[in-house]
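Spelled out from the first residue to the last, the chains are:
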Amino acid sequence: MAVYNKTRQKQMFVGKLDYDGDLLDQLTAICQKENISLGKVQAIGAVKKAKVGYYNQKTREYQLVEIDKNLEITNLSGNISLRDNKPMVHAHITLSDKDGNAFGGHLVQGTIVFACEFIIHIFAGPAYHRAHDENTGLPLWNI
Amino acid sequence: MAVYNKTRQKQMFVGKLDYDGDLLDQLTAICQKENISLGKVQAIGAVKKAKVGYYNQKTREYQLVEIDKNLEITNLSGNISLRDNKPMVHAHITLSDKDGNAFGGHLVQGTIVFACEFIIHIFAGPAYHRAHDENTGLPLWNI
Amino acid sequence: MAVYNKTRQKQMFVGKLDYDGDLLDQLTAICQKENISLGKVQAIGAVKKAKVGYYNQKTREYQLVEIDKNLEITNLSGNISLRDNKPMVHAHITLSDKDGNAFGGHLVQGTIVFACEFIIHIFAGPAYHRAHDENTGLPLWNI
Chain A
754 MAVYNKTRQK QMFVGKLDYD GDLLDQLTAI CQKENISLGK VQAIGAVKKA KVGYYNQKTR
814 EYQLVEIDKN LEITNLSGNI SLRDNKPMVH AHITLSDKDG NAFGGHLVQG TIVFACEFII
874 HIFAGPAYHR AHDENTGLPL WNI
Chain B
754 MAVYNKTRQK QMFVGKLDYD GDLLDQLTAI CQKENISLGK VQAIGAVKKA KVGYYNQKTR
814 EYQLVEIDKN LEITNLSGNI SLRDNKPMVH AHITLSDKDG NAFGGHLVQG TIVFACEFII
874 HIFAGPAYHR AHDENTGLPL WNI
Chain C
754 MAVYNKTRQK QMFVGKLDYD GDLLDQLTAI CQKENISLGK VQAIGAVKKA KVGYYNQKTR
814 EYQLVEIDKN LEITNLSGNI SLRDNKPMVH AHITLSDKDG NAFGGHLVQG TIVFACEFII
874 HIFAGPAYHR AHDENTGLPL WNI
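Chains as they are written, first to last, in our numbering: chain A, 754 to 896; chain B, 754 to 896; chain C, 754 to 896.
Keep in mind that the hints were calculated from the coordinates and are not lab data.
Here the structure is a predicted model, which means the values were calculated and not measured.
Warning: the hint list may mix true and false statements.
A pair counts as met if it fits within one copy or between any two copies, since identical chains are not told apart.
Unchecked claim - In the DSS-like style, the derived pairs of lysine-lysine whose C-alpha atoms are separated by at most 25 Å in a straight line are:
hint	residue 1	residue 2
1	LYS763	LYS839
2	LYS811	LYS851
3	LYS801	LYS811
4	LYS839	LYS786
5	LYS822	LYS786
6	LYS801	LYS822
7	LYS811	LYS839
Sequences are here, hints too, so could you generate the full structure?
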């Protein structure tokens with residue numbers, strides 16, 4: 754069965770990321786500065802280039818895909834929880850190019866912001882910790 | 754004119770779905786167990802394979818597309834309302850493959866979870882019921 | 754550094770857009786009628802045809818892409834703030850076709866609704882105003 758907890762939404766942060774900074778690093782820095790242990794993040798904008806991960810379910814390793822062109826962020830969806838007791842952003846991103854074709858994957862370092870407007874929602878808790886999951890090899894929520 | 758009601762957000766459920774289970778069936782089971790008559794759902798994760806619908810606006814029938822490969826869920830966006838007085842999840846999904854190419858459609862049964870982290874928000878109401886819509890042939894909100 | 758403000762969520766509007774109307778115009782009309790100065794919008798549905806923008810980061814002009822076919826909206830993500838003191842919707846859209854292939858971009862006028870279920874969240878403020886940004890040439894938040 755699915756596992757989950759009941760919680761509720763608390764305050765939010767709404768703003769824009771720095772031009773030319775790393776997308777994931779900037780989101781992570783905000784969550785660590787604000788000490789967010791449970792929440793979600795969403796964003797739209799544009800990037801100078803993107804780097805995303807695809808989890809190979811057989812080898813259990815992330816394969817990285819570099820998309821070395823300017824792209825729109827049509828959606829960024831992620832959650833915030835704790836890994837090794839520190840706030841961690843787990844985000845997936847959808848992108849589009851000059852012809853309107855879409856791309857995407859698991860957001861990793863190396864995606865460079867052109868412009869990005871984000872909304873971070875903080876949840877009341879309890880804290881969610883990530884730990885190794887046997888079925889997938891991924892650091893999933895240990896709830 | 755657009756039709757809509759004012760409402761407000763109540764509690765939330767945050768969790769993960771079962772490995773190897775059906776994505777839509779699991780979300781529906783949670784909404785029915787928790788008796789959610791109005792709300793929204795969002796998720797990220799990965800699937801073993803996907804099955805999505807494309808509504809043919811001329812024939813007014815869903816055409817099904819099977820994507821028989823492992824994929825990332827870059828976004829799942831949906832709402833929860835009542836159909837035949839039972840909680841129903843209406844969700845659309847965006848996916849990406851090993852090359853970063855994106856796919857998507859209306860989520861149907863047959864999309865199998867590898868890992869999936871979801872957030873369900875419950876709204877205060879009023880109840881939204883789906884009923885046949887003349888213009889589209891779809892079960893839209895009768896509000 | 755990223756810049757942002759703390760805020761909190763207030764009430765919401767949940768509803769459906771008009772068949773055959775312009776997607777962006779309808780969302781904008783709701784936000785102006787309800788006088789929403791800060792918030793977010795999300796939606797799923799289907800369109801008769803789509804028109805999206807791709808911001809050319811070199812020339813600093815939007816290039817428009819017309820996708821003249823029926824499509825699913827797999828995700829619409831946007832925010833609401835003020836431009837020239839009037840509520841403005843900034844939304845990005847992800848779409849999919851009959852083969853499950855995905856497309857997307859910055860939502861502009863010319864995307865025609867077949868069916869669209871939306872959720873608009875209002876935030877408490879402060880007001881966010883858009884103003885010319887030197888780095889990008891875009892009207893970003895002046896916060």
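We went through each hint and held it up to the structure:
no. : hint            : verdict
1   : LYS763 x LYS839 : within (19 Å within a copy, 28 Å between copies)
2   : LYS811 x LYS851 : between (33 Å within a copy, 12 Å between copies)
3   : LYS801 x LYS811 : between (32 Å within a copy, 10 Å between copies)
4   : LYS839 x LYS786 : within (10 Å within a copy, 33 Å between copies)
5   : LYS822 x LYS786 : neither (31 Å within a copy, 39 Å between copies)
6   : LYS801 x LYS822 : within (6 Å within a copy, 29 Å between copies)
7   : LYS811 x LYS839 : neither (29 Å within a copy, 38 Å between copies)
Consistency note: the structure conflicts with the earlier hints numbered 5, 7.
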